[in-house]
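K.L.:
Based on the hints, put chains B, C and D in the right spot on chain A.
4 protein chains.
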Amino acid sequence: MKVAVIGYGYWGPNLVRNFSWLDGVEVKYVCDLDSDRLGKVRNLFPNVSVTTTDYSEILNDESIDAVAVATPVNTHFQLSKLALEAGKHVLIEKPMTDNVADARKLVALASKVNRILMVDHTFLYTGAVIKMKELAESGQIGEIYYFDSVRVNLGLFQNDVNVIWDLAPHDLSIMSYIIDKKPIGVSAVGVSHVKDSLENIAYITVFYEDTTFAHFHINWLSPIKVRQILIGGSQKMIVYNDMENTEKIKVYDSGVEATPGNKDELYNTLIQYRTGDMYAPKLDQTEALKTECSHFLDCIRNGKQPISNGEFGLEVVKMLEAAQKSMEQQGIKIQLER
Amino acid sequence: MKVAVIGYGYWGPNLVRNFSWLDGVEVKYVCDLDSDRLGKVRNLFPNVSVTTTDYSEILNDESIDAVAVATPVNTHFQLSKLALEAGKHVLIEKPMTDNVADARKLVALASKVNRILMVDHTFLYTGAVIKMKELAESGQIGEIYYFDSVRVNLGLFQNDVNVIWDLAPHDLSIMSYIIDKKPIGVSAVGVSHVKDSLENIAYITVFYEDTTFAHFHINWLSPIKVRQILIGGSQKMIVYNDMENTEKIKVYDSGVEATPGNKDELYNTLIQYRTGDMYAPKLDQTEALKTECSHFLDCIRNGKQPISNGEFGLEVVKMLEAAQKSMEQQGIKIQLER
Amino acid sequence: MKVAVIGYGYWGPNLVRNFSWLDGVEVKYVCDLDSDRLGKVRNLFPNVSVTTTDYSEILNDESIDAVAVATPVNTHFQLSKLALEAGKHVLIEKPMTDNVADARKLVALASKVNRILMVDHTFLYTGAVIKMKELAESGQIGEIYYFDSVRVNLGLFQNDVNVIWDLAPHDLSIMSYIIDKKPIGVSAVGVSHVKDSLENIAYITVFYEDTTFAHFHINWLSPIKVRQILIGGSQKMIVYNDMENTEKIKVYDSGVEATPGNKDELYNTLIQYRTGDMYAPKLDQTEALKTECSHFLDCIRNGKQPISNGEFGLEVVKMLEAAQKSMEQQGIKIQLER
Amino acid sequence: MKVAVIGYGYWGPNLVRNFSWLDGVEVKYVCDLDSDRLGKVRNLFPNVSVTTTDYSEILNDESIDAVAVATPVNTHFQLSKLALEAGKHVLIEKPMTDNVADARKLVALASKVNRILMVDHTFLYTGAVIKMKELAESGQIGEIYYFDSVRVNLGLFQNDVNVIWDLAPHDLSIMSYIIDKKPIGVSAVGVSHVKDSLENIAYITVFYEDTTFAHFHINWLSPIKVRQILIGGSQKMIVYNDMENTEKIKVYDSGVEATPGNKDELYNTLIQYRTGDMYAPKLDQTEALKTECSHFLDCIRNGKQPISNGEFGLEVVKMLEAAQKSMEQQGIKIQLER
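Chains as they are written, first to last, in the numbering used here: chain A, 1 to 338; chain B, 1 to 338; chain C, 1 to 338; chain D, 1 to 338.
Chain A on its own, in the form it takes in the complex (with noise of 0.2 Å):
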């Protein structure tokens, strides 16, 4: 199988890497518009037969199986289009379009075509995301009652998207893969503090039809780097910290009873806690883009459809419509069309 690679910047380098690791594939075009990159492609990954700055070569090229597309998210759909036009099969660079009608566009034209289309939604192939999800569809933690994400730093501002768009992708995909529900409304606050800059920090909350929600902290602007997500369910609860080297999943068994009773007694009463033991479960530590482009080529092969397909990644995109129109309208809280 031929794959290209089409974009250098940031993470093109992780694909052509992954890529060129896994067997019976070979990345044979790597694309980019900065002829210095390409020289750093031709160091770097002599297996890299052709680099060149005319994406039509790749498109025009019939022993092309799939192109990855690592560009920014402005020319995600034009190119992605393109590639599925040409028979190729797709992965997209997360978020997978910066609207919803693209999104929506793309995956009906895959469907047409027949081909795969995937977005890299990275997080949700770790061993830490794997095994929540274990967690979550084995039962074992029960109804989930909130999400409740934090994914802040300093050093990260983007000028071209704003932290909803550039951070949020994240955690509303590992939202979406372990939450198996559709949420029905979402809103957002953020602020600019950055002068002529988009926004810098923003908050997130997305509603579902029952009282499971789930809520975001985005921040480029923060003094200290916290990656967590707090999961609370009626049986059990999650901490996931990425930032732990080792334990960065942990399940309570912890949680709460209420015992119908009479509304006169005393407060206090009602409630029974529970608290037992934590684990810290091992994780597999596969380098999750490994796992992913593996689970591409895969799904190309046996034509199954990716975890994070365009349906998936569609899924992301209207969240962060919708995250964005809430935030323009300070917060009120905007439906999800089904």
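No lab work stands behind these hints: they were computed from the structure. Wrong hints could be hidden among the right ones.
Said to hold, decoys possible - When the alpha-carbon atoms are kept at most 30 Å apart in a straight line, the in silico DSSO-like pairs for lysine-lysine are as follows:
1) C:K181 <-> C:K40
2) C:K225 <-> D:K325
3) D:K28 <-> B:K282
4) C:K304 <-> C:K181
5) B:K2 <-> C:K40
6) A:K282 <-> C:K133
7) B:K2 <-> A:K181
Stated by the list, open to error - According to the in silico footprint, chain D covers these stretches of chain C (three or more CB under 8 Å from chain D):
8) 4 to 18
9) 325 to 334
To be verified - So these bits of chain B aren't anywhere near chain A, every CB distance computed over 10 Å:
10) S49
11) E134
12) N219
13) E315
Computed from a predicted model, the values in this text were never measured in an experiment. The beta-carbon is built from N, C-alpha and C at its ideal position, and this holds for glycine as well.
P.N.:
Quick look at chains B, C and D alone, frame taken from chain A:
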């Protein structure tokens, strides 16, 4: 000086103990409707002259200078009103009242009868908050961009108030003290996960006229205990981690500077990060309630206004009431009256 | 049952409080040479019948079943001896005595007069140590390879004993309890950094007949407080971090297996690492001293031997005395008599 | 300037990479007995001219100015000797040699042939150690009372050297650099818990003429990874936690002062504790090996002595050899020859 403590539940014993320690003060009365509790008072504090279930006894005792009201919040207004009318100085447990109208009436009454009205926002008197106030006032942290607070743990379900009225007074009072500006609006979302119970998780956002804003996560149903405030300033940033035994306050000499530049330049070129030393100042270890009781007496003796006076307490109640309204309307922004 | 507490310094109040809480026990006497302290007893514990500076009053009171000796260590022997001779059961604050010969005499005397002799090694009765003992006894951790303890902080310089006699009794008692074998030798090094003062930092090594060994770092002059024990076993390993609020005990399913192999093979091929889940068991939260006082009374009532009986306390004193000797001889290994 | 790297195992690639980055240097040769590894060199570093299994080729190439020896320790002496005799400057991987006699010979030889001899004690060139050296030299921490080091983890069993020779060179070199005095003696205890294997856990004590002393815990069989050094000084104390991402160095303005007093006074009255602010200085983030390679070249060019020159490396080997001897004699103190 003679004081009476009304309500001997969770907090009352701390008030009796701290007032008893101070020079020139006698805790003459402890009043509670539960006579078993009054028995405990007599065992533990033989120095308290009278224990009574009859509040009027205290109101009628002209030797009593001040009363401390530590009863359930829905009784604060009535008990404080009677005390002020009887010419006593009043210290009310937080939150001051369960609605803005009552809080306003108490402020007006205290002014009319010329008595000290103080609200027991104990955190303001901790070494940590005193230090943060100092740092903010000295201009060292610059303009405050955001205030982010998390106060979550397992095991404090209340039946009479929801998580907002229970936990947020702490953090809203700290915010009010540190940020020397009046907020203009509040929004909140929250959910109850336990049947027939009040909201156990909520998020509050507080807006100012400029881009400063504040956010609060409060949660009775968390697997871990977190009590952390991040303050992002234009010059320095603060992390206040109340779960740390030492080093509760860390001051980071970090920040971001926007260099006015050509918008067409490549991304990331206009923003300069600054990271420098961190330091953790030594904090005063005095018990906060002791400092606070002492401050209350000092204000009475010298006719000074307390830091957490009636007006201060009223501001907190305004935010709580607005948060409650917003939560009931799915998070719409509620303007604060000025 | 009636008990007397001798010595009302740092620890005495805890003994009075805990004995007072237990059913069927009366703390009849508190004895201290300092009459100011006795005044405090009367204020805080009105239930104590007699406060006295005269120890013989207690010895002569036939209604007294037991005495708890919480005086400076150099008085333990004499006071305990008198109590045993007067037919009282005795609980001695740790360390049991300041030399092995005296400890032996007390053990022999207790046996002769058929009274319970118990040493107040409080840590043995904490939920954390009880859990570690359980894990060790059940065979889950396998053979214990090493026991590494660090107990350091700033601010506890004593003038009457050095850091070994002050801090090491805690960790030596935990080691003795967990490792079910008799040590054969001890070495120690230590230094005083404050003029005319006793040693403020020391390291102790305890040897066993096989390759099990234990090591202790004790230090009054550390910038940070550390109280951590690592236990390396052939099956599992334990980290006991007493500074953690929750999760004091973590059990790691990790280890090393040596595969007998050809010595000529390349290095690193014979050792297999095993890393698995970690779990933090729920611990009993009862105050250790309460559990201990209750155990003391139970042993008296039912003629059982306490976990930390005289023989146990003697073993600790043997190691302390050997450590002291070794330290005075620059760390040579001192054999423990059996 | 032209250099050759000898040995392309774990560390060699880092040397090649760092020397390649520096201006005015060419890595002309990489030498290893394993031709597979040489293949990797050619893939990863196409800029390296020659890969060879024949060391004499390098010795005979007069264009080569310096060699970096990164082979197993038992070959260090022979390879370095040949290089010095051939007129090359030499950088040897730590520890310098596996015995003191050989180390002495290399020092003498380098002096005789007037070539730079440097030992690759990489930690000395980290931002953290550079900062500690600065603090020590400036007098800010006062007299150094003790140096306590813990370096433990799971998963690095070596078959050719024991844990002392493997891990202790790091910490002994840091100690030697920070404490500007010559140690006079060493003791050590250690044990092997894996059959037919070398010692996997050891404790080393280093003595000075005065009361300064240092202690090291090194362990291949720990459930958790700890890399922490405490330095207690008369003025300030340092905690160096290498596992921290930021804040690796914390400086505590804490200490103890002994007030000469009447020995008969009550205990605890003569010692005054001082606790103040803590600060975590910003550290240089440059890769240590880059700083070190650059320093090596600077010394060659300008005829300066490296910080970690032959004499420095010899001191470390003296302590290692003494620790080994002490361990074989159950911990007796071994004098260091001066």
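K.L.:
Evaluate each hint against the coordinates.
P.N.:
For each hint, the structure was consulted:
no. : hint              : result
1   : C:K181 <-> C:K40  : 44 Å, violated
2   : C:K225 <-> D:K325 : 34 Å, violated
3   : D:K28 <-> B:K282  : 55 Å, violated
4   : C:K304 <-> C:K181 : 22 Å, holds
5   : B:K2 <-> C:K40    : 24 Å, holds
6   : A:K282 <-> C:K133 : 25 Å, holds
7   : B:K2 <-> A:K181   : 61 Å, violated
8   : 4 to 18           : violated (count 0)
9   : 325 to 334        : holds (count 4)
10  : S49               : 29 Å, holds
11  : E134              : 18 Å, holds
12  : N219              : 8 Å, violated
13  : E315              : 21 Å, holds
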